[in-house]
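Asker: Sequence:
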Amino acid sequence: MAEQLLSATADLTSATLRRPFDRGYLVNPDLQSSLWSHLFSSLLRVTPSTSSLLLTEPLFNLPSIQRSTDEIVFEEFGFRSLFVADSPSLVHLYEASRQPYGLVSKAQCSLVVDCGFSFTHCAPVFQNFTVNYGVKRMDLGGKALTNYLKEIVSYRSVNVMDESFFMDDVKEKLCFVSLDVAQDLKVSSSGLLNCLLIRVFRGKLIDFGYGFCRVLEFDLVE
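Per the numbering used here, the sequence shown starts with residue 1299, numbered consecutively.
FYI, nobody ran anything at the bench for these hints, they're computed from the structure. Please note that a few of the clues may not be correct.
[Stated by the list, open to error] The calculated DSS-like cross-link candidates involving lysine-lysine, where the alpha carbons are at most 27 Å apart (straight line), are: (1) Lys1434 with Lys1404; (2) Lys1471 with Lys1441; (3) Lys1471 with Lys1484; (4) Lys1484 with Lys1434; (5) Lys1441 with Lys1469; (6) Lys1484 with Lys1469.
[Unchecked claim] FRET-style restraints, in silico, Cβ to Cβ: (7) Asn1445 with Thr1345: 36 to 46 Å; (8) Leu1337 with Val1456: 15 to 25 Å; (9) Phe1372 with Val1485: 30 to 40 Å; (10) Thr1354 with Tyr1446: 45 to 55 Å; (11) Ser1347 with Val1456: 50 to 60 Å; (12) Thr1345 with Ala1442: 39 to 49 Å.
Where is the CB? At the ideal position from N, CA and C, for every residue including glycine.
Generate the whole structure from the sequences, applying the supplied hints.
Answerer: Below you can see the structure in the form of structure tokens.
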């Protein structure tokens, strides 16, 4: 469980994680059931028999997976009702409701790029419905970026090829999606902004002159 990993005594060296999903599809219903049981009882503290569940599923979900999900929701937990939707249509609906007079609301259409851990969907949405025949899928996601980051760090500094959990945390805290590629490339190649100071044991600082990370108020010196 996530809170077990965050405990002060946990040793995360070479930690490996088990996930109930692969390429966005449920492949381990038993593990998913265990995670939900902990989530509903210990964190959310909900009573399934008096609650309704809104659940997102990947596009082109297999009927066998849908049946497994229904069994978990109704037979194991006993929820009162279930509504299943795909992520792109919900994202489109959220954006349209957030800005009632915005472009999405006026055009009633959008293109949603859903990038997950090990897959990416590019889905057109029209009038709150996903246009399934226009969806494009790639088996490429955030996991590939984590692996690439591991290769870069291992080549330049310390071998971290077996530290997937640790490097995934590094990626989420320091990396970012550029909104201005030209400007960020310019910043990363010049000046003190390219020098990242990282706090290590006993307060000593090590200056790495490689790359450019997201600005954190406690580790970047101008």
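Asker: Each hint needs a verdict: does it hold in this structure or not?
Answerer: Each hint tested on the structure:
For the hint pairing Lys1434 with Lys1404, the CA-to-CA distance comes to about 25 Å; that is within 27 Å, so the pair holds. Using a Cα cut-off of 27 Å, the hinted pair Lys1471 and Lys1441 holds, with the two alpha carbons roughly 15 Å apart. Note on Lys1471 and Lys1484: the hinted pairing holds, with a Cα-Cα distance of about 22 Å set against a maximum of 27 Å. Restraint check: the Cα-Cα separation between Lys1484 and Lys1434 comes to about 33 Å, which exceeds 27 Å; the hinted pair is violated.
At most 27 Å may separate the alpha-carbon atoms for a hinted pair to count; Lys1441 and Lys1469 meet this at roughly 10 Å. For a cut-off of 27 Å, the pair hint linking Lys1484 to Lys1469 stands: about 21 Å separates their Cα positions. Distance hint check for Asn1445 and Thr1345: the Cβ-Cβ separation is about 41 Å, which falls inside the suggested range of 36 to 46 Å. At roughly 35 Å, the beta carbons of Leu1337 and Val1456 sit outside the given window of 15 to 25 Å.
Separation of Phe1372 from Val1485 is about 53 Å and departs from the stated range, judged on CB atoms against 30 to 40 Å. Between Thr1354 and Tyr1446 the Cβ separation comes to about 27 Å, which falls outside the hinted range of 45 to 55 Å. Taking 50 to 60 Å as the suggested C-beta distance range, the pair Ser1347 and Val1456 conforms, at roughly 51 Å. For Thr1345 paired with Ala1442, a C-beta distance near 40 Å keeps the hint of 39 to 49 Å intact.
The structure is inconsistent with the numbered hints 4, 8, 9, 10, although it conforms to all the rest.
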